[in-house]
Amino acid sequence: DVKVTQSSRYLVKRTGEKVFLECVQDMDHENMFWYRQDPGLGLRLIYFSYDVKMKEKGDIPEGYSVSREKKERFSLILESASTNQTSMYLCASISSAGGNTDTQYFGPGTRLTVL
Amino acid sequence: SQQGEEDPQALSIQEGENATMNCSYKTSINNLQWYRQNSGRGLVHLILIRSNEREKHSGRLRVTLDTSKKSSSLLITASRAADTASYFCATVESYGKLTFGQGTILTVHP
Chain D
21 DVKVTQSSRY LVKRTGEKVF LECVQDMDHE NMFWYRQDPG LGLRLIYFSY
71 DVKMKEKGDI PEGYSVSREK KERFSLILES ASTNQTSMYL CASISSAGGN
121 TDTQYFGPGT RLTVL
Chain H
-19 SQQGEEDPQA LSIQEGENAT MNCSYKTSIN NLQWYRQNSG RGLVHLILIR
31 SNEREKHSGR LRVTLDTSKK SSSLLITASR AADTASYFCA TVESYGKLTF
81 GQGTILTVHP
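Chains as they are written, first to last, in my numbering: chain D, 21 to 135; chain H, -19 to 90.
Note that these hints are calculated values from the structure, not bench results. Any given hint might turn out to be false.
[Said to hold, decoys possible] If you anchor each label on the Cβ, the simulated ranges turn out as follows: (1) P128/D with T87/H: 19 to 29 angstroms; (2) D(-13)/H with D79/D: 17 to 27 angstroms; (3) E35/H with K90/D: 34 to 44 angstroms; (4) K49/H with L135/D: 27 to 37 angstroms; (5) K6/H with V72/D: 29 to 39 angstroms.
For clarity, every value in this text was computed on a predicted model and none was experimentally measured. We put the beta carbon where it would ideally sit given N, CA and C, even for glycine.
Chain D extracted, bound-state conformation:
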């Protein structure tokens, strides 16, 4: 069974802290994504990676960085958390073999609160 897991369901951090959100997939997918979801704004792409050590900015990369040292793991890093980064964060992965006709598989989400 296909699986994308995220390290935490709920996380509370303080302003200025460095925050790591981890995502692991067991499907040997090449492409992985980080989205954030906010009421009234929908889901927006932060960063994605199409291969190990490769990354591309999405629509809202400011304040975030990512790391992809292993194929199965894609980390989202908030270097200095701010209150406007309070959000639901969703990780997803997709195989590149099928071009863009494959579906994305999503993790359960991490609800991050920055105080």
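Chain D is fixed; fit chain H onto it per the hints.
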């Protein structure tokens, strides 16, 4: 950038009724997908329709696509309380990147 716009934003119906949600998008697409999200959870893929298809069925789901109008609709027939969720359309770009609509919140009353 937000490409898909969905209508209505919220829909409340009784069990057994049909639910129709609409989505519009702005640019050319290769395919369009619909996802479901239960409250506070991740997204689950429901159905994919390619740009050369006009209609697709999966169980109680029926999706239509009108590329001339840049719009799609999702119909859930004979709805159940368990269908209560948010529904999103998404267009697909290179590398499989998704651009989502705002979503429709569907509430099905028992």
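Results for each hint:
1. P128/D with T87/H: 19 to 29 angstroms: Holds, since P128/D and T87/H (Cβ atoms, about 22 angstroms apart) stay within the stated range.
2. D(-13)/H with D79/D: 17 to 27 angstroms: holds, 22 angstroms
3. E35/H with K90/D: 34 to 44 angstroms: holds, 42 angstroms
4. K49/H with L135/D: 27 to 37 angstroms: With Cβ atoms ~46 angstroms apart, the hint is violated.
5. K6/H with V72/D: 29 to 39 angstroms: holds, 33 angstroms
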